[in-house]
Amino acid sequence: MEYYFDSAATTKLHPKALEAMLPAFSEFYGNPSGSHSMARKSLRKVDDAREQLAELLAVKPSEIIFTSGGTESDNFAIKGPSTAERKPATFNTEHHAVLEPVECLDGAVMPVDESGVAIADAIKDLPETTSVVSCMAANNEIGTLQPIAEVAAQVRENLPTALFHVDAVQGFCWLNMSEITSAADLVSLSAHKFGGPKGIGVLVSKKGCQLEPQLVGGSQERGKRSGTLNVPGIVGMAAAAVATVERKAAKVSEVKQLRDRLSNGIKASLPDAVETVFQEGRLNILPNIAHFCFPEVASEALIFLLEREEIMASAASSCASGAMQPSHVLTAIGYSKELASGSLRLSLSYETTEAEVDHVIEKVTESVNQIRKAKK
Amino acid sequence: MKEQVLMAMSGGVDSSVAAAMLQDEGYEVIGVTMKLWGGDSDSGCCSISDVEDARRVADQLGIEHHVFIFGDEFNEFVVDPYVQDHSDGRTPNPCVECNRHIKFDKLYQRADELGIDKVATGHHAAIEVTDAGYHIARGADEKKDQSYVLYMLDQAQLKRLLLPLGITIKDKVREMASEIGLRTAAKADSQDVCFIHSVGGRQKFLGERIPLTPAKLVDENDEAVGEVESIELVTLGQRRGLNLGGDHDRRYVVDIDRKENKVEVGPKSKLLIESQPLSQLVWTNAEVSGEFEFQCAAHAKTRNGRIQKSGDGYIVTWEQPQPRVAAGQSIVMYQDNLVVGGALAEW
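Chain order of the listed sequences is A and B.
So in the working numbering, spot 101 of the first sequence is number 101, and the numbers just go up one at a time.
If you want the working numbering, it's the 1-based position in the second sequence plus 1000.
Do not rely on the hints blindly, as some may be mistaken.
To be verified - Computed footprint of chain B on chain A; a stretch qualifies when at least three of its residues, placed anywhere within it, have a C-beta under 8 Å from a C-beta of chain B:
no., segment
1, 298-312
2, 363-375
Claimed, not checked - With a straight-line Cα cutoff of 35 Å, these simulated DSBU-like cross-link-like pairs (lysine-lysine) come out:
no., chain 1, residue 1, chain 2, residue 2
3, B, 1106, A, 267
4, A, 373, B, 1118
5, A, 267, B, 1118
6, B, 1035, A, 363
Just so you know, the hints here were simulated from the structure itself, not pulled from any lab data.
Glycine residues also receive a C-beta, built at the ideal position from the N, C-alpha and C atoms.
Produce the complete structure using the sequences and hints provided.
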């Protein structure tokens, strides 16, 4: 039995997504840009998927651009509106898929507070020529929820010509998407975070947004993103989105309770564990993320021991595992390198059970104690 | 239940075959690649492709593979002291310090945390158990013998260590690798310092970290005979790269004066000394007295001598005068091809 506590890294494909995808490989496999009946069949599936997603996201179908995933969507949202004169801006706990392009373009990187919350006031100091301000809906490592409405208001008030981008990759299962799409001009999503396949995502680009295409060629996606449409990915993503939204209302509070049980359990058995950005009620973070730093413990050792107990977890974001640097997120919120090196992210899904949570509490406690005992 | 062993896998052929041998012996082998260096490098064991090689070999053998990052520790205990030693006019051996502080300290510590007793590496050396205890013995392959860089291991460390390649010669290792069909079978041996890029070498590496100081070359009468670009790159006993012209007798670096930034050159005989001070002396087991064979560089010929107390420390006194060993180099004591201890040369 596997205890999968790494849903923030990726999720298992939803059976409905698989069911939707299989015929796209073998039956309606035509290229949707073609002109025969097979092509039209594929195109109809893509159109259906686009409309379903648009409805779930409360946007127009023409505002959906299919991409290869979160990283491409983020890169497109940052680079697309930027020029030598007009530079992007973001916050220092964003995903690297946002931070790197902003830094490449010599854009501005603004701070967060000690809970990881974007300091929206910093937008007042950005140059009027700012191309796009990017702020994530929720942090992928520690789960901090960002004040999207407040950031949006600051952008509108201070930078009337700037676009507002929200990286909502971690949010689809947990947040009200229409609130995000109504506040933002650009929104990034990635299917594999909500039961869809890897390699497919969306950039919502609201009407009127001027984006320079980053991939040119066959002029797919109204010329904004060339490349043969990933039909299996697109139909799988739409099916996963529908399946997610059907269960969302019930699951969000249920998973939050399980997460609270998990975090409280770990704190009760390991009193010196630091629960990252803890606030009473835990309404400041995603309902599915439990993030801890264990003093005097190396994440690598902890992850190893948990794996021995069939528990799949992460030290930081999956991208940062294997990196030589401590998590930029923990650094940004003022955690020391020593404390950050003992980080553990446990992320729950709609499928997580109470029995799994209790097993994880027990094994995290045992593992941390074993590591500490060896240190003495 | 099979006994677990944490096998340090660099991605090279030696540790690949060592892992396979331990598996054959019935261990549950857990492969680990230590990621030590995040900077520019094209040799050694820290490049992405080396980690990939180790991972693929582990997959092929059907064993677990993990990556442990000891970058901070490597910087603190290996790279920074390496740079400082050059700045101080010493000649460090970073492989020895990596073994001392990383492989046989941090990795052991990690094994403890994971509840794993045995640790293995692909070094060409053997472990011999005598009445006196555990000893590192020279590897079967004389040319590849790595006992020299393992001298710092004590009884507690040796007791937990497995060196499966000790009795195997290198050609045989390659043969075994191709028999099993390991992708690393024909991979070139790693050479040089693993954290230094072959393009630019030591000069570029050190030049980016410390100021390099031009120095005068003088003869024994303090007459200037030339100059070098950077005294930090000069090693005692060095002959090449001094640009002294061809009409001289063979002249060697016989002294490096960091205070005056002067390098004295002279005939090899000027290097000869009767005894040399030591630091950081370690014994494999209890302190032993008497005459030993001493090895003063990797793959160097041995010389005979004795260890003696001198003030607070120790000196080695040679049976007959021997060239001075550059400060910072390891001097390793052997008795009947078994390592009994070692120390750093001082001056």
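Quick one: which hint numbers does this structure break? Sort them smallest to largest.
none
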